[in-house]
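Trainee: Residue strings, one per chain:
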Amino acid sequence: MLDIQNLNVVFGTGRLRVEAVKNVSFTVKQGEAYGLVGESGSGKSTVLRAICGLAPITSGRVIVDGKEVTTPRTKDFYRTAQMVFQDPYASLHPRHTVDRTLSEPLAIHGVKDAEARILQALKEVGLGPSFRFRYPHQLSGGQRQRIAIARALILRPKVLLLDEPTSALDASVQAEILNLLDDLRRQLGLTYILVSHDLAVVAHLCERLLVMRHGEAVEETPSDALRSGLATNEYTQSLIQASQGFTRNSSSAAA
Amino acid sequence: MTKPLLEVEDLRVRFHLRTGTVEAVRGVSFHLGRERLGIVGESGSGKSQTGRAILGLTPPPGDVTAKRLSFDGIDLQTASKRTLRQLRGGRISMVMQDPKYSLNPVMTIGEQIIEAYQAHKKASNAEARDKALAMLEAVKMRDPQRVFSLYPHEVSGGMGQRAMIAMMLVTDPDLLIADEPTSALDVTVSMEVLRILDELVSERGMGLIFISHDLKLVSSFCDRVLVMYAGRVVEELEAKNLREAKHPYTQGLMRCLPTLKDDVRPLPTLNRDPSWAL
Numbered sequence: 001m002l003d004i005q006n007l008n009v010v011f012g013t014g015r016l017r018v019e020a021v022k023n024v025s026f027t028v029k030q031g032e033a034y035g036l037v038g039e040s041g042s043g044k045s046t047v048l049r050a051i052c053g054l055a056p057i058t059s060g061r062v063i064v065d066g067k068e069v070t071t072p073r074t075k076d077f078y079r080t081a082q083m084v085f086q087d088p089y090a091s092l093h094p095r096h097t098v099d100r101t102l103s104e105p106l107a108i109h110g111v112k113d114a115e116a117r118i119l120q121a122l123k124e125v126g127l128g129p130s131f132r133f134r135y136p137h138q139l140s141g142g143q144r145q146r147i148a149i150a151r152a153l154i155l156r157p158k159v160l161l162l163d164e165p166t167s168a169l170d171a172s173v174q175a176e177i178l179n180l181l182d183d184l185r186r187q188l189g190l191t192y193i194l195v196s197h198d199l200a201v202v203a204h205l206c207e208r209l210l211v212m213r214h215g216e217a218v219e220e221t222p223s224d225a226l227r228s229g230l231a232t233n234e235y236t237q238s239l240i241q242a243s244q245g246f247t248r249n250s251s252s253a254a255a
Numbered sequence: 001m002t003k004p005l006l007e008v009e010d011l012r013v014r015f016h017l018r019t020g021t022v023e024a025v026r027g028v029s030f031h032l033g034r035e036r037l038g039i040v041g042e043s044g045s046g047k048s049q050t051g052r053a054i055l056g057l058t059p060p061p062g063d064v065t066a067k068r069l070s071f072d073g074i075d076l077q078t079a080s081k082r083t084l085r086q087l088r089g090g091r092i093s094m095v096m097q098d099p100k101y102s103l104n105p106v107m108t109i110g111e112q113i114i115e116a117y118q119a120h121k122k123a124s125n126a127e128a129r130d131k132a133l134a135m136l137e138a139v140k141m142r143d144p145q146r147v148f149s150l151y152p153h154e155v156s157g158g159m160g161q162r163a164m165i166a167m168m169l170v171t172d173p174d175l176l177i178a179d180e181p182t183s184a185l186d187v188t189v190s191m192e193v194l195r196i197l198d199e200l201v202s203e204r205g206m207g208l209i210f211i212s213h214d215l216k217l218v219s220s221f222c223d224r225v226l227v228m229y230a231g232r233v234v235e236e237l238e239a240k241n242l243r244e245a246k247h248p249y250t251q252g253l254m255r256c257l258p259t260l261k262d263d264v265r266p267l268p269t270l271n272r273d274p275s276w277a278l
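Keeping their order, the protein sequence lines are chains A and B.
Heads up, the first sequence is in the UniProt record's numbering, so the first residue is 1 and it goes up one at a time.
Heads up, the second sequence is in the UniProt record's numbering, so the first residue is 1 and it goes up one at a time.
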């Protein structure tokens with residue numbers, strides 16, 4: 001479904017040259033969920049942004065659904081892949097109603113039965129038709145993220161690019177959104193690429209994941225291996241440890 | 001434990017709005033010695049407002065009342081603005097959530113720490129400078145000299161947060177209120193920041209109020225945890241006994257987190273019982 005070969009992303013030139021992504025390759029099969037994990041600045045979001053055209057591809061190949069992507073991306077591409085951003089407080093237009101937010105992609109792609117599609121999309125993300133004419137400020141964080149997911153799904157894409165979809169949300173709301181994403185994937189046969197710094201979230205949603213650091217791929221591992229603590233890489237181990245919560249080191253434990 | 005450092009009894013924070021009065025904090029009581037207390041809750045549960053009310057930082061039109069709100073014998077409600085100013089930053093400090101918004105963008109980090117120090121302690125510029133550098137070193141900055149002369153936009157989130165901790169601890173406060181100090185940071189960086197915070201708190205014997213929405217984190221870091229829901233404390237327990245939480249809300253919060261160990265699907269979600277808010 002998605003094939004990334006030797007992807008490099010470079011920003012700036014000369015002294016300001018930053019190699020944000022260095023030689024990253026991975027493939028994702030149809031219907032699979034693939035995770036990208038790492039600390040901030042590891043280039044995990046940049047990979048995602050390079051796929052959907054928000055960051056330049058300096059070299060390497062990105063093949064989505066059997067076709068190599070072109071710059072600028074075609075309309076067809078956006079019917080195949082859609083993105084959900086981290087902060088639902090920032091990614092929805094504050095002065096557009098839910099109805100207008102959802103009808104924009106439909107208008108761009110010339111979809112006829114907008115009315116039915118909007119109602120269907122709202123239903124899919126577990127919101128009733130009563131939410132259709134609300135503004136973002138009238139919604140809670142979790143509801144906003146549901147709208148952002150509905151907007152991504154309304155064109156019936158095959159691939160969903162999720163950039164930290166739950167890190168701006170409360171723990172209890174995070175569980176709801178994760179369940180929703182899980183259900184939608186099963187119902188619609190979607191392919192996910194999930195970026196997160198939370199190892200537990202990635203392991204929950206994805207079958208395989210790639211650990212990144214300083215723009216390079218550190219290790220690719222199935223999430224089952226992570227569960228049983230089989231990660232070989234030292235950096236992955238430190239991420240696992242960090243996700244277990246705070247542990248006092250020996251010196252302060254004695255104090 | 002001797003006399004508590006901070007006593008809060010029946011704290012209420014109300015906001016009188018055009019649309020009616022919203023009570024953000026409804027009768028919170030607790031006391032704190034030289035220990036680590038965690039306050040956990042979802043957004044809107046009033047945990048941050050509790051922290052702010054202690055410092056008298058409730059934004060207008062907020063209205064704070066309490067039967068008792070005293071810090072080391074000083075009644076914070078009747079204290080003059082002058083006394084409060086001396087307490088704030090001097091004996092009680094607060095670390096805010098996001099270093100991007102809480103550091104002064106047009107002052108170098110060093111100048112800001114010096115300013116905080118000289119506002120409360122009589123010290124020559126050279127003394128304050130040494131103190132600031134020592135503090136930057138205490139928060140494990142690799143190159144304190146360099147960080148000293150950097151502006152906030154030139155440092156990463158983790159460094160900014162450590163700089164803020166340095167600024168807040170330079171005056172040797174007795175009580176530190178940390179409002180989601182690591183929510184804007186990465187897991188690995190936040191562990192580093194917490195470790196620094198932990199060391200400094202135990203070294204200096206400070207009291208710490210740690211406000212967070214991350215139950216797992218709080219329970220591993222603090223001695224005691226208050227769980228807040230809709231402006232009330234629904235449960236208070238020892239952090240190590242968190243597994244034996246009685247209130248359905250606390251239990252729900254514990255269960256809804258995905259864990260690496262076991263694979264539960266779908267994740268249990270919280271069914272909010274309206275009676276919890278009563």
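Hints were generated in silico from the structure; no laboratory data involved.
A hint or two may mislead.
Stated by the list, open to error - Here are the simulated DSBU-like pairs of lysine-lysine, each with C-alpha atoms no more than 30 angstroms apart in a straight line: (1) A:Lys29 <-> A:Lys75; (2) B:Lys67 <-> B:Lys3; (3) B:Lys240 <-> A:Lys29; (4) B:Lys240 <-> B:Lys140; (5) A:Lys67 <-> A:Lys29; (6) B:Lys100 <-> A:Lys22.
Trainee: State the violated hints by number, sorted upward, taking the hints as numbered earlier in the document.
Mentor: 3
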